[in-house]
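Engineer: Read off the chains here:
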Amino acid sequence: KAGVTQTPRYLIKTRGQQVTLSCSPISGHRSVSWYQQTPGQGLQFLFEYFSETQRNKGNFPGRFSGRQFSNSRSEMNVSTLELGDSALYLCASSPGNSPLHFGNGTRLTVT
Amino acid sequence: AQKITQTQPGMFVQEKEAVTLDCTYDTSDQSYGLFWYKQPSSGEMIFLIYQGSYDEQNATEGRYSLNFQKARKSANLVISASQLGDSAMYFCAMREDSNQAGTALIFGKGTTLSVSS
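Protein chains in written order, with our numbering: chain A, 1 to 111; chain B, 1 to 117.
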C-alpha cells in the first residue's frame, strides 16, 4: 500500500500570500488530520476530517482552514501568511481510531 | 495546560545498550491511548508502539516496549539493543478517547536520541 503522500515537499511564500497544501491518505483511510511542527511550539494539532466533515479543530486562527474530498484527499489552506507560519506541516491518516500514519510533511517557509 | 511531559531533551547511548525515554501524562479521562513516534532528520513520523489505558500488559513491538505505570501516569519507552539507525527524535503522544477528540493527538516536546558506535 502506498503511504500518506503530501505535496509539495517544500514551499517558499511571502508574507501576506496564501498557500494550499495537499494530502493523499492511505487507501481506505477516511480520517485525515493535520499538524503543525515548529521548534518553539512543537507538534500542534490543527484539525481532523472524517468523511468530508471536520470532526475536531485545534486552537488556531481562522486563517487556517481545510477540507476533505469524497476520495478522502485533503487540503489545508493558510491565508494571509505570517512569518510565524513557517513550519513543517504534517498530514496523517487512519482508518478510524487506530494509530496515525504520517506523511513526510510539507516544509513551508514564509519570508 | 501541557498534558504530555518529556523531561529529557537529549539522550546518548552506545550501540547494543538499552535506553529508556521518559514520558508522563495528565488526563482526567478514563479511556485514552498512548503512542510513541520516531522522527528521523528527514522529517517523517514513524509509529512505534501503542498502549491503551485499559491494557493490562505492557505493549511490546520488537525491540520496543512501553513501561506503562498507570497510577504514576507514566509511559516510558524502552529500546533494547540500540542501533545506529535509532538516532532520531522520539515523541510521546496521547489521545483522549472522548467522542469530541476524534483521533487528535497531544504530543510532548520530544527527546533526541543519539546512538554512537
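If you are wondering where the hints come from, they were derived from the structure by calculation, not from laboratory data.
A few of these clues could be false.
Chain A side only, calculated, beta carbon under 10 Å to chain B, not exhaustive [as the list claims (entries may be wrong)]:
1. 47
2. 96
3. 105
Idealized CB from N, CA, C, for every residue including glycine.
Engineer: For this structure, which hints from the list above don't hold up?
Structural biologist: none
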